[in-house]
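Q: Dock chain B against chain A, hints included.
2 protein chains.
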Amino acid sequence: MPELFREIGHCVTAPQGFRAGAVACGIKSDALSRDLAILASDVPCVAAGTFTTSTTRAAPVIVCQERLQQGRAQAVIVNSGNANCATGEQGLRDAYHMAELLAASLGIDERLVLCSSTGIIGRKLPMEKIEAGVQQIKLSREGGNIFAEGIMTTDTRPKRLALEFEIEGRIVRLGGVTKGAGMIYPNMATMLCYLTTDAAIEHGWLLSELRAAVSDSFNMMAMDGDMSTNDTCVLFANGLAGNTPLNARHPDAGTFRAALRHLTQYLAREMARDGEGATKLMTVHVRGGRDTDDARKAARAITLSPLWQCALAGGDPNWGRIVAALGACGCALQQDSYDIFIGDVQLVSGGVAAQYDQEAARAAMAGHEVAIGIDLHLGNGEATAWGCDLTHGYIDENTLYTR
Amino acid sequence: MPELFREIGHCVTAPQGFRAGAVACGIKSDALSRDLAILASDVPCVAAGTFTTSTTRAAPVIVCQERLQQGRAQAVIVNSGNANCATGEQGLRDAYHMAELLAASLGIDERLVLCSSTGIIGRKLPMEKIEAGVQQIKLSREGGNIFAEGIMTTDTRPKRLALEFEIEGRIVRLGGVTKGAGMIYPNMATMLCYLTTDAAIEHGWLLSELRAAVSDSFNMMAMDGDMSTNDTCVLFANGLAGNTPLNARHPDAGTFRAALRHLTQYLAREMARDGEGATKLMTVHVRGGRDTDDARKAARAITLSPLWQCALAGGDPNWGRIVAALGACGCALQQDSYDIFIGDVQLVSGGVAAQYDQEAARAAMAGHEVAIGIDLHLGNGEATAWGCDLTHGYIDENTLYTR
Numbered sequence: 001m002p003e004l005f006r007e008i009g010h011c012v013t014a015p016q017g018f019r020a021g022a023v024a025c026g027i028k029s030d031a032l033s034r035d036l037a038i039l040a041s042d043v044p045c046v047a048a049g050t051f052t053t054s055t056t057r058a059a060p061v062i063v064c065q066e067r068l069q070q071g072r073a074q075a076v077i078v079n080s081g082n083a084n085c086a087t088g089e090q091g092l093r094d095a096y097h098m099a100e101l102l103a104a105s106l107g108i109d110e111r112l113v114l115c116s117s118t119g120i121i122g123r124k125l126p127m128e129k130i131e132a133g134v135q136q137i138k139l140s141r142e143g144g145n146i147f148a149e150g151i152m153t154t155d156t157r158p159k160r161l162a163l164e165f166e167i168e169g170r171i172v173r174l175g176g177v178t179k180g181a182g183m184i185y186p187n188m189a190t191m192l193c194y195l196t197t198d199a200a201i202e203h204g205w206l207l208s209e210l211r212a213a214v215s216d217s218f219n220m221m222a223m224d225g226d227m228s229t230n231d232t233c234v235l236f237a238n239g240l241a242g243n244t245p246l247n248a249r250h251p252d253a254g255t256f257r258a259a260l261r262h263l264t265q266y267l268a269r270e271m272a273r274d275g276e277g278a279t280k281l282m283t284v285h286v287r288g289g290r291d292t293d294d295a296r297k298a299a300r301a302i303t304l305s306p307l308w309q310c311a312l313a314g315g316d317p318n319w320g321r322i323v324a325a326l327g328a329c330g331c332a333l334q335q336d337s338y339d340i341f342i343g344d345v346q347l348v349s350g351g352v353a354a355q356y357d358q359e360a361a362r363a364a365m366a367g368h369e370v371a372i373g374i375d376l377h378l379g380n381g382e383a384t385a386w387g388c389d390l391t392h393g394y395i396d397e398n399t400l401y402t403r
Numbered sequence: 001m002p003e004l005f006r007e008i009g010h011c012v013t014a015p016q017g018f019r020a021g022a023v024a025c026g027i028k029s030d031a032l033s034r035d036l037a038i039l040a041s042d043v044p045c046v047a048a049g050t051f052t053t054s055t056t057r058a059a060p061v062i063v064c065q066e067r068l069q070q071g072r073a074q075a076v077i078v079n080s081g082n083a084n085c086a087t088g089e090q091g092l093r094d095a096y097h098m099a100e101l102l103a104a105s106l107g108i109d110e111r112l113v114l115c116s117s118t119g120i121i122g123r124k125l126p127m128e129k130i131e132a133g134v135q136q137i138k139l140s141r142e143g144g145n146i147f148a149e150g151i152m153t154t155d156t157r158p159k160r161l162a163l164e165f166e167i168e169g170r171i172v173r174l175g176g177v178t179k180g181a182g183m184i185y186p187n188m189a190t191m192l193c194y195l196t197t198d199a200a201i202e203h204g205w206l207l208s209e210l211r212a213a214v215s216d217s218f219n220m221m222a223m224d225g226d227m228s229t230n231d232t233c234v235l236f237a238n239g240l241a242g243n244t245p246l247n248a249r250h251p252d253a254g255t256f257r258a259a260l261r262h263l264t265q266y267l268a269r270e271m272a273r274d275g276e277g278a279t280k281l282m283t284v285h286v287r288g289g290r291d292t293d294d295a296r297k298a299a300r301a302i303t304l305s306p307l308w309q310c311a312l313a314g315g316d317p318n319w320g321r322i323v324a325a326l327g328a329c330g331c332a333l334q335q336d337s338y339d340i341f342i343g344d345v346q347l348v349s350g351g352v353a354a355q356y357d358q359e360a361a362r363a364a365m366a367g368h369e370v371a372i373g374i375d376l377h378l379g380n381g382e383a384t385a386w387g388c389d390l391t392h393g394y395i396d397e398n399t400l401y402t403r
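Chain order of the listed sequences is A and B. Residue numbers for the first sequence follow the working numbering, so the first one is 1 and each next one is one higher. Residue numbers for the second sequence follow the working numbering, so the first one is 1 and each next one is one higher.
For the record, the hints were derived by calculation from the structure and aren't laboratory data. Virtual Cβ for every residue (Gly too), placed ideally from N, Cα, C. Where hints are given, some of them may not hold.
Said to hold, decoys possible - Examples of chain A residues toward chain B, derived with CB under 7 Å:
id	residue
1	G169
2	I171
3	G327
4	A328
5	A354
6	Q355
7	Q358
Next comes chain A alone, as it looks inside the complex (with noise of 0.2 Å):
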């Protein structure tokens, strides 16, 4: 079957019409790191959002979420180096007060223009800088990788992909941009994402798409079970490619929905293998689940559990750490009936250790993409779950992080 779309390089400005840019304003302690970044589109935009659950979730957020309500958005102005999060009623004040710079800088509507930040919890922002930052920032064409590099915190490297592909006969184009290395946990990793398209697209259907897509990707990666307080996943499509807009019953929608889904699904992969201090990247897949849900939580335990990912980092095929996270996460399994494999190496047969090569055991850990394949053969339920290995130097990203 031929692919039903194609990457076309990187640049979340890559559909038509959208426009970023990025300043180092002096938020973050490193003068030349780009700290102040702007995504927008030159028409209004349908757009939607997820975002995290927690009930500590940062003043940006509330910002997004209560603007989304109207399905519609053009821009966002976005900030690393500072969460604006525990910072009460004046980080609301801030972040309205982020967007309406923004807004007055594009000359548009306050109420399409949505705000993020990330960064350290509990301290003020800077706000001063960041209304210089917002007249410094030049939006481009081309921006969408100096905007990439604007919201990373401890990534060592932006994470973005364009896709183009075909609805109506018409090339449309979707791109990403993320970050989040740590305090990633999948409900959802914490992260900011960003997504832009130049399709049409009606609104509950962006919306159920987006939720889907999300729930099979950034929902699907962990790293250390430390849910973040400024999660946010927004889609911009702001329609100018000229399809009919898109919904369940167009034609081309199964298009849009593989594409949708192969760029977050790439997007939450890099931010896996770009975990803090990580050296591989784990690909979790589970079959056989009692149902999706039993699958899906089998999946995520198992990159969840930090001694499974010490023993990654060795190249240790102690997969006794495996069992140990598939008897604690609840999903259904039975002690004699679940298979094990490392990359083509089966370690366990119905629950107890198969024979197998030592050496081929190791090997199959040994490089930088490592695949655990488990078979709970109690159903159809399926999954697949990202994670890292748990290294110095995680501990060394978070020991002395806010000095």
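A: Only chain B this time, still in chain A's reference frame:
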């Protein structure tokens, strides 16, 4: 108020009629480490246990759960170095056989003998070594300390304590010993724990008191979120003190309850302090929770946050990570009304940064014991949890465990 009990050393065999011993029989790779241990009462005991809730629980857990149905037991045989988990039917036969060997050696009914295993998952027990080992173990009244060593895995030191108190004017003793360092999650923690007393106790009350004590001690201790397959906590009461059996209506019930609470919380704290790679013990006290469950949830969430554990290791009062852990844990919380303290320093007041001295905050995190206080200002729910920091030592311990 005078204490109801006093500490009288550290021996699980301090109560009348208990003997113990251990040998190195070659299960662990280090031939000099004791790895087979026995604890026995001279007479049958009323006994009860609590166990892991894992669906991949180990064979010896199944044996203990089955035998404790009768509410009686007299001895336990424990090996370290091999968990006898994910070992199928053979593993179950081996567990029964371990108990049978001890029963034969003591000349008692095998249905009164329990067994436990701890160590690497997925390997067959070396039964010939255990058979030989059982013959070599000499039981003695002072053997509790050797027993404590025999059940250790990655523990750096034994954890044990004995208490003395009066029931009906008679001297009664209560002893306890635990192992547990990694794979620590409060449901229960990864641990083996044996408690002994010469008090006479009715079985129903013994079980309910044990459950209540475990729930406020071992189930409130976390290290890495990995629940073990082998968690076991058994209380043996041999009745040799000759008191009227304790039950809820006994006038001295409160004395026993206080002693059991003291002992189990002491052991939980010592396990947290000796967590793999740990350099600091953290005690998290939550008050003002909507209810007790909520307070417990919040306290445990903080001990379980790897990011906060890293900050603790670095002595960095990065309280935003406490905010994130609180927000993610699902406890009721109002964003503008919670307080956070470290030691005596209030860092957060009403959900935002309090005025505090940064140096004082760092000083409060500098010692080997760090106290975190949370007030949720919502109700009367209160709970305490224990945990430790996350360091390179944890990772070093766990990257090459099976080699």
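Q: Hey, does the A354 (chain A) contact hint survive, CB to chain B under 7 Å?
A: violated (10 Å)
Q: Taking the least C-beta to C-beta distance, is G327 (chain A) closer than 7 Å to chain B?
A: holds (3 Å)
Q: Should the interface hint for I171 (chain A) be scored as holding, given a Cβ-Cβ cut-off of 7 Å against chain B?
A: Where the cut-off is 7 Å and the nearest Cβ of chain B is about 41 Å from I171 (chain A), the hint is violated.
Q: So, A328 (chain A) near chain B? Judge it on the closest CB pair being under 7 Å.
A: holds (4 Å)
Q: Quick check on G169 (chain A) please, does its C-beta sit within 7 Å of some C-beta on chain B?
A: violated (46 Å)
Q: Next item in the hint list is Q355 (chain A). Is there a CB on chain B closer than 7 Å to its CB?
A: The hint is violated - Q355 (chain A) has no Cβ within 7 Å of chain B, the shortest such distance being about 13 Å.
Q: Per the CB criterion, is Q358 (chain A) less than 7 Å away from chain B?
A: Constraint on Q358 (chain A) not satisfied, violated at 10 Å.
Of the numbered hints stated above, those contradicted by the structure are hints 1, 2, 5, 6, 7, listed in ascending order.
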